Amino acid sequence: MNERVSIKGFRDGVLIALDSGESWQTLVDDLAHRIEGQATFFAGARITLDVGSRPVTRHELSSIKAMLERRGLTLINVLTESKTTLDSAGALDIRGNLTYLPNNAHPSAPTEEMAIPSEEDGSSGVMIRKTLRGGRTVKSQGHVVIFGDVNPGAEIIAGGDVVVWGRVRGIVHAGADGDESAVVCALDMMPTQLRIAGFISVAPVDKRHKARPEMALIRARQIIVEAWK
Amino acid sequence: MACKVVTITSGKGGVGKTTTTANLGIALASLDKKLVLIDADIGLRNLDIVMGLESRIVYDLVDVIEGRAKLRQAMIRHKQFTNLFLIPAAQSRDKTAVSPADMIQITDELRAEFDFVLIDSPAGIERGFRNAVAPADEVLLVTNPEVSAVRDADRIIGLLEAEKKPTPRLILNRLKSDMVRKGEMMSPEDVVDMLSIKLIGIVPEDDGVVSSSNAGQPIVLNEASKAGAAYKEIARRLTGEDVPFRSGDDGGGLLKRLGRLFGGKS
Numbered sequence: 181m182n183e184r185v186s187i188k189g190f191r192d193g194v195l196i197a198l199d200s201g202e203s204w205q206t207l208v209d210d211l212a213h214r215i216e217g218q219a220t221f222f223a224g225a226r227i228t229l230d231v232g233s234r235p236v237t238r239h240e241l242s243s244i245k246a247m248l249e250r251r252g253l254t255l256i257n258v259l260t261e262s263k264t265t266l267d268s269a270g271a272l273d274i275r276g277n278l279t280y281l282p283n284n285a286h287p288s289a290p291t292e293e294m295a296i297p298s299e300e301d302g303s304s305g306v307m308i309r310k311t312l313r314g315g316r317t318v319k320s321q322g323h324v325v326i327f328g329d330v331n332p333g334a335e336i337i338a339g340g341d342v343v344v345w346g347r348v349r350g351i352v353h354a355g356a357d358g359d360e361s362a363v364v365c366a367l368d369m370m371p372t373q374l375r376i377a378g379f380i381s382v383a384p385v386d387k388r389h390k391a392r393p394e395m396a397l398i399r400a401r402q403i404i405v406e407a408w409k
Numbered sequence: 030m031a032c033k034v035v036t037i038t039s040g041k042g043g044v045g046k047t048t049t050t051a052n053l054g055i056a057l058a059s060l061d062k063k064l065v066l067i068d069a070d071i072g073l074r075n076l077d078i079v080m081g082l083e084s085r086i087v088y089d090l091v092d093v094i095e096g097r098a099k100l101r102q103a104m105i106r107h108k109q110f111t112n113l114f115l116i117p118a119a120q121s122r123d124k125t126a127v128s129p130a131d132m133i134q135i136t137d138e139l140r141a142e143f144d145f146v147l148i149d150s151p152a153g154i155e156r157g158f159r160n161a162v163a164p165a166d167e168v169l170l171v172t173n174p175e176v177s178a179v180r181d182a183d184r185i186i187g188l189l190e191a192e193k194k195p196t197p198r199l200i201l202n203r204l205k206s207d208m209v210r211k212g213e214m215m216s217p218e219d220v221v222d223m224l225s226i227k228l229i230g231i232v233p234e235d236d237g238v239v240s241s242s243n244a245g246q247p248i249v250l251n252e253a254s255k256a257g258a259a260y261k262e263i264a265r266r267l268t269g270e271d272v273p274f275r276s277g278d279d280g281g282g283l284l285k286r287l288g289r290l291f292g293g294k295s
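Just so you know, the protein sequences line up as chains A and B, in that order.
If you read the first sequence in the working numbering, its first letter stands for residue 181, the second for the next number, and so on.
If you read the second sequence in the working numbering, its first letter stands for residue 30, the second for the next number, and so on.
Be aware that one or more of the hints could be misleading.
[Unchecked claim] Derived CB-CB ranges, DEER-like: (1) A:Gly302 x B:Ser177: 22 to 32 Å; (2) B:Pro273 x A:Ala391: 49 to 59 Å; (3) B:Arg97 x A:Gln373: 44 to 54 Å; (4) A:Gln373 x B:Glu175: 19 to 29 Å; (5) A:Glu406 x B:Asp219: 42 to 52 Å.
[Claimed, not checked] Cross-link-like lysine-lysine pairs, in silico, DSS-like; alpha carbons within 30 Å at most: (6) B:Lys227 x B:Lys63; (7) B:Lys63 x A:Lys387; (8) A:Lys387 x B:Lys211; (9) A:Lys319 x B:Lys194; (10) B:Lys63 x A:Lys390.
[To be verified] The following residues of chain B were derived to be distant from chain A, with all beta-carbon distances above 10 Å: (11) Tyr88; (12) Arg122; (13) Lys211.
To be clear, the hints were calculated from the coordinates, so they are not data collected in a lab.
These figures come from a predicted structure and were not determined experimentally.
For each residue, glycine too, the CB sits at the ideal point set by N, CA and C.
Turn these sequences into a full structure, and let the hints guide you.
Below, the structure written as structure tokens:
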């Protein structure tokens, strides 16, 4: 095994140390691969991430958080020597600890196991507060929320769920990295094409189409659309 | 009054950009506005033909940009409306001869002296379109009541948003109200519902438009034409005047119901 990503179990969950020299995307891909290879070891784990001296941007941290969440893991703590990373963690509501210890040191995370935290963890994504016109695209590894319509010719590709507070007429792909639990919700669902993970469906041609909130999801190996309750 | 640079664009070709530019030009000139029309469709010029000024071209837009002529030399004065000028496009070049910065520089030079600069954009969403919208204070989006034209218009609105340009106002051209009444054509309401932008005018289908364009006499010069009347109204709205939408014989009850599409906050 390579040492770009080192993985250890410890009392708070799993400690993952990422090598400072590699590109972030390589590390994220590598880690995703390792998690998938050891599904039972990781199942539902709480993750502490040690990124060492690397300054991690909010976007980078958000992408790894989304990747972990899609695999049922929770990022609870980030150990870093960089103030940038600490700020990124703060912006994403992840606990961050400044540490000057070498990568493999025992983490000095304070334990909060006595109290059940009142705050929900949530997960990250992008919010777009306008109508997506034809030819515009949105791509996110996390969730996508559109506060407006998705017009014909517009396209959304999300690693997670897609929620549209408006009409969907364009193309929507949820769970684009293969997550079959992803859903698409809209106030008025008439997409040109709807994809969830590897499944594709086309809205039936219905002259009497009535606008109503609906949710699309995979059930029994196909995409179904049902009233959104 | 501060000069306003208005770009007329559409995305799809053949919906009536050049006809609209020519007619709004004449209509604004007849309202005593001092203005310049710029044909930004380099390589496929035709605004000069519709305006009846083809034979008077000596220098064009690219000559000015490349320093072979002064801006003044390329401005052709209209025979009848002496407060109206045309800067023609080059015929033997292509869009790459002009940059967005060139267009901004030329319009900035004109701003001091004129009330309006109207720019006739080429079809498409490439360089020529970007040249035409770069200096725009306001964009007029021309579409026909056809799904393909409306789709392209939607794409243009998205591109203008991305370029941080103001939301365009819509000219719905070549509407046949009898076909709308029979449910065979998209109604203005359908179009506005799809695009969610404000209308500045509806131009009815009018056989006279083609013959008047061919003759170099834009239809607004014909007092009896309904399309001409529609262009005059759009010109007045462009000057900031509040012109109510007529519920005349042409649109019937249709236009009456349209009141709400025009009013309200922009």
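Do the hints match the structure? See the list:
{"no.": "1", "hint": "A:Gly302 x B:Ser177: 22 to 32 Å", "result": "violated (42 Å)"}
{"no.": "2", "hint": "B:Pro273 x A:Ala391: 49 to 59 Å", "result": "violated (31 Å)"}
{"no.": "3", "hint": "B:Arg97 x A:Gln373: 44 to 54 Å", "result": "holds (52 Å)"}
{"no.": "4", "hint": "A:Gln373 x B:Glu175: 19 to 29 Å", "result": "holds (23 Å)"}
{"no.": "5", "hint": "A:Glu406 x B:Asp219: 42 to 52 Å", "result": "violated (29 Å)"}
{"no.": "6", "hint": "B:Lys227 x B:Lys63", "result": "holds (26 Å)"}
{"no.": "7", "hint": "B:Lys63 x A:Lys387", "result": "violated (50 Å)"}
{"no.": "8", "hint": "A:Lys387 x B:Lys211", "result": "holds (17 Å)"}
{"no.": "9", "hint": "A:Lys319 x B:Lys194", "result": "holds (23 Å)"}
{"no.": "10", "hint": "B:Lys63 x A:Lys390", "result": "violated (51 Å)"}
{"no.": "11", "hint": "Tyr88", "result": "holds (36 Å)"}
{"no.": "12", "hint": "Arg122", "result": "holds (28 Å)"}
{"no.": "13", "hint": "Lys211", "result": "holds (17 Å)"}
Hints 1, 2, 5, 7 and 10 from the list above are not met by this structure, while the remaining hints are.
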